[in-house]
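A.B. asks: So the protein sequences, as listed, match chains A and B. Using the numbering used here, the first residue of the first sequence is number 1, and each one after it goes up by one. Using the numbering used here, the first residue of the second sequence is number 1, and each one after it goes up by one.
In short, the hints are calculated from the structure, not lab data. Incorrect hints may appear among the rest.
Unchecked claim - On the chain B side, residues computed to face chain A include the following (Cβ under 10 Å):
#1 Arg13
#2 Asp16
#3 Gln27
To be verified - Computed list of lysine-lysine pairs in BS3-like fashion (alpha-carbon distance at most 27 Å, straight line):
#4 A:Lys29 / B:Lys15
#5 B:Lys345 / B:Lys297
#6 B:Lys142 / B:Lys2
#7 B:Lys157 / B:Lys142
#8 B:Lys89 / B:Lys74
#9 A:Lys92 / A:Lys148
#10 A:Lys148 / B:Lys184
#11 A:Lys33 / B:Lys15
Computed from a predicted model, the values in this text were never measured in an experiment. Virtual Cβ for every residue (Gly too), placed ideally from N, Cα, C.
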Amino acid sequence: MAKVYLNPDVCIGCGLCSVYCTVEHSGTKDIIKTFNSQPERPQSRVRIEREGINAFSIQCRHCQEPWCVYSCLTGAMSKSAANNTVEYAANKCVGCWSCVMVCPNGVLARDVSTHQIAKCDLCPGRDVPACVANCPNEALTLMTDDGKIINGFSEDMVVENIVID
Amino acid sequence: MKTYLPSRFMVERDKDRCIRCQVCVNQCSFDAHYYDCDDDTIRAREDNCVGCHRCVSFCPTNALNVRQNPLEYKSNFNWTSQAIEDITKQAETGGVLLTGMGNDKDYRIYWDHLVLNASQVTNPSIDPLREPMELATYLGRKPNEVEVDSDGKLKTKLAPQVRIEIPVMFSAMSYGAVSLNVHKSLARAATQMGTMWNTGEGGLHPDLYQYGQNTTVQTASGRFGVHAGYLSAGRIVEIKIGQGAKPGIGGHLPGEKVSAEVSRTRMIPEGTDALSPAPHHDIYSIEDLAQLVYAMKEATNYTKPISVKIAAVHNAAAIASGMVRAGADIVVLDGLRGSTGAAPKVIRDNVGIPIELALAAVDTRLRQEGIRNQASIVVAGGIRNSGDVAKAIALGADAVYIATSALIALGCHVCQQCHTGKCAWGLCTTDLALTKRINPDIGARRLSNLLRSWSHELKDILGAMGLNALESLRGNRLHLRGIGLTDKELEILGVKMAGS
């Protein structure tokens with residue numbers, strides 16, 4: 001099952017994961033428009049905690065025992081049979097927030113603008129979720145379905161000749 | 001006391017681009033940015049800005065720029081803004097001005113007055129992409145002559161030699177001055193690229209013993225972290241007498257930086273100041289130096305070259321001759337522009353001589369005395385690119401040390417705030433919230449990339465000269481010509497004027 005992991009030893013608490021999460025889930029996907037031109041911007045699906053020297057960001061763990069699924073009144077939260085992730089169907093959600101109450105990781109957020117749940121969906125349509133792709137210290141990594149670990153910059157190539165213009 | 005000092009930098013924020021994400025706020029370790037929740041806006045405390053550009057690099061919308069404060073004093077060649085502000089600072093504090101990094105004054109950079117040769121018509125240049133090029137260097141004492149038996153086997157017993165694949169090593173930066181993650185990055189990159197990194201005077205963290213084959217362990221006047229296991233862990237033992245940024249000055253690691261880990265590694269109580277005396281109190285002469293050199297050789301059973309590092313000072317050539325005669329297998333010269341984690345500004349800016357002149361003088365003297373083969377020469381202090389490396393080799397160096405270049409590869413923007421311990425790039429600090437900013441995985445990659453690019457460029461330089469081995473360039477000053485130098489400078493450098 002694909003999942004985002006964090007190396008807390010090198011998480012610097014910058015919050016860029018959260019910024020790019022919001023951008024990715026906005027309509028425009030343009031960072032300045034998302035924050036400065038739209039009346040309401042999407043809630044980030046990433047939760048960031050900072051205390052003293054410690055900092056970490058966390059998003060849906062796609063639990064084996066998904067309390068959000070068990071507590072959901074309408075079946076909006078479900079465990080996908082295909083890839084074992086926890087999925088959210090906004091059209092079934094009535095906004096009772098039961099899942100928010102029971103989430104042991106505190107990573108389900110109310111998006112008050114839409115009365116829906118803001119929850120990590122691993123960025124459908126992207127190879128690497130936005131938070132991982134934009135983590136400047138490579139603290140966030142994605143473990144793919146086949147167990148490969150990738151970070152946002154692993155495509156970096158060592159080039160033999162750098163062209164300077 | 002009210003300060004009369006103006007802000008040194010101005011923070012410019014493009015309001016249209018700023019998305020108030022506060023990354024600048026949480027990345028600035030000098031509190032130069034803050035979020036004003038009343039107005040939902042980010043503002044700057046410009047007095048605090050040191051110009052390190054951490055915020056500029058991390059701003060996701062390129063909304064930030066940092067400029068030198070354009071405030072101008074009445075123009076005056078004698079009373080420059082720096083002269084005025086240094087006096088103002090001293091009037092307000094009564095203290096010695098401390099600073100970090102290397103000398104930033106406009107002393108002549110001789111590398112920029114030396115040019116390299118290339119082959120044209122009368123001798124062929126070599127294409128390094130198609131033909132093998134040799135950069136490997138052996139550091140250590142070479143015999144006066146070698147005997148070979150009838151099978152072609154070497155009969156002479158060689159002194160210990162250390163092979164490095166590129167003539168660029170990472171210079172000494174102690175654990176405490178820089179963070180463990182910096183040490184990890186250096187150690188991994190050195191191991192990966194087949195060169196050496198240097199512990200500095202602060203011991204070797206237990207996690208790093210695995211990189212011992214690529215480690216130079218240093219012992220200096222404070223003897224911090226030195227024990228039998230430490231000496232035998234390294235491949236080279238270096239005795240540090242002086243440092244280019246602060247010749248004749250000891251070290252001072254403030255107690256706040258002596259964390260539990262640093263205390264264990266340095267073998268001093270937690271929270272106590274680590275004071276390195278200005279001299280080694282057991283070295284007052286060349287004969288005393290010989291005793292320590294041979295103590296180190298005995299301690300390591302004559303298996304490792306012993307290196308001795310001095311700051312390049314006026315009598316460097318005579319001192320280096322004494323060092324070789326005292327048994328040093330490697331002579332390290334650290335020049336005027338060598339860097340530091342903290343030094344009195346007046347020393348950093350005024351003491352020592354340029355490394356190019358010291359190197360030429362030492363190489364010349366050791367040749368004249370017929371002892372050049374008895375020690376390798378390594379130079380440090382302001383090496384910025386592979387061109388500088390090639391010129392140093394041609395002037396007579398066996399290898400060079402880089403430290404500032406290595407830190408820049410890791411993110412350093414040379415803001416010279418190392419002495420504050422608040423490095424926003426997480427380099428020159430032991431604050432655990434900041435040291436996390438160096439991810440050793442990324443650090444090792446960046447440093448290896450730097451060495452890889454320099455080694456490609458060195459091969460290009462050699463190939464253009466028609467040489468296929470660095471050994472053919474070493475001490476070959478005919479491959480250099482001087483530009484814009486006086487006769488005396490050319491004489492000391494042992495280099496002809498361009499055109500002659």
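A.B. asks: Holds or violated: lysine 92 of chain A with lysine 148 of chain A, Cα cutoff 27 Å?
C.D. replies: 34 Å, violated
A.B. asks: Just to be careful, I want the Cα atoms of lysine 89 of chain B and lysine 74 of chain B compared with a cutoff of 27 Å; is the pair within it?
C.D. replies: Holds. Lysine 89 of chain B to lysine 74 of chain B sits at ~19 Å (cutoff 27 Å).
A.B. asks: Does the structure keep lysine 345 of chain B and lysine 297 of chain B at a Cα separation of 27 Å or less?
C.D. replies: 36 Å, violated
A.B. asks: Need the status of pair lysine 33 of chain A, lysine 15 of chain B: alpha-carbon distance at most 27 Å?
C.D. replies: 13 Å, holds
A.B. asks: Given the hinted pair lysine 148 of chain A and lysine 184 of chain B, is their alpha-carbon gap at most 27 Å?
C.D. replies: 25 Å, holds
A.B. asks: Aspartate 16 of chain B was flagged as interface toward chain A. Is the shortest Cβ-Cβ separation under 10 Å?
C.D. replies: Where the cut-off is 10 Å and the nearest Cβ of chain A is about 7 Å from aspartate 16 of chain B, the hint holds.
A.B. asks: Holds or violated: are the alpha carbons of lysine 29 of chain A and lysine 15 of chain B at most 27 Å from each other?
C.D. replies: This hinted pair holds, its Cα atoms lying about 20 Å apart.
A.B. asks: Was the hint right that arginine 13 of chain B lines chain A, CB cutoff 10 Å?
C.D. replies: Status violated, d = 13 Å.
A.B. asks: For the pair supplied as a hint, lysine 157 of chain B and lysine 142 of chain B, is the alpha-carbon distance within the 27 Å limit?
C.D. replies: Holds, at about 10 Å.
A.B. asks: Does the alpha-carbon distance linking lysine 142 of chain B and lysine 2 of chain B stay inside the 27 Å limit?
C.D. replies: 62 Å, violated
A.B. asks: Given glutamine 27 of chain B as an interface hint, is its Cβ closer than 10 Å to any Cβ of chain A?
C.D. replies: 6 Å, holds
Hint compliance for this structure: hints 1, 5, 6, 9 are not met, and every other hint is.
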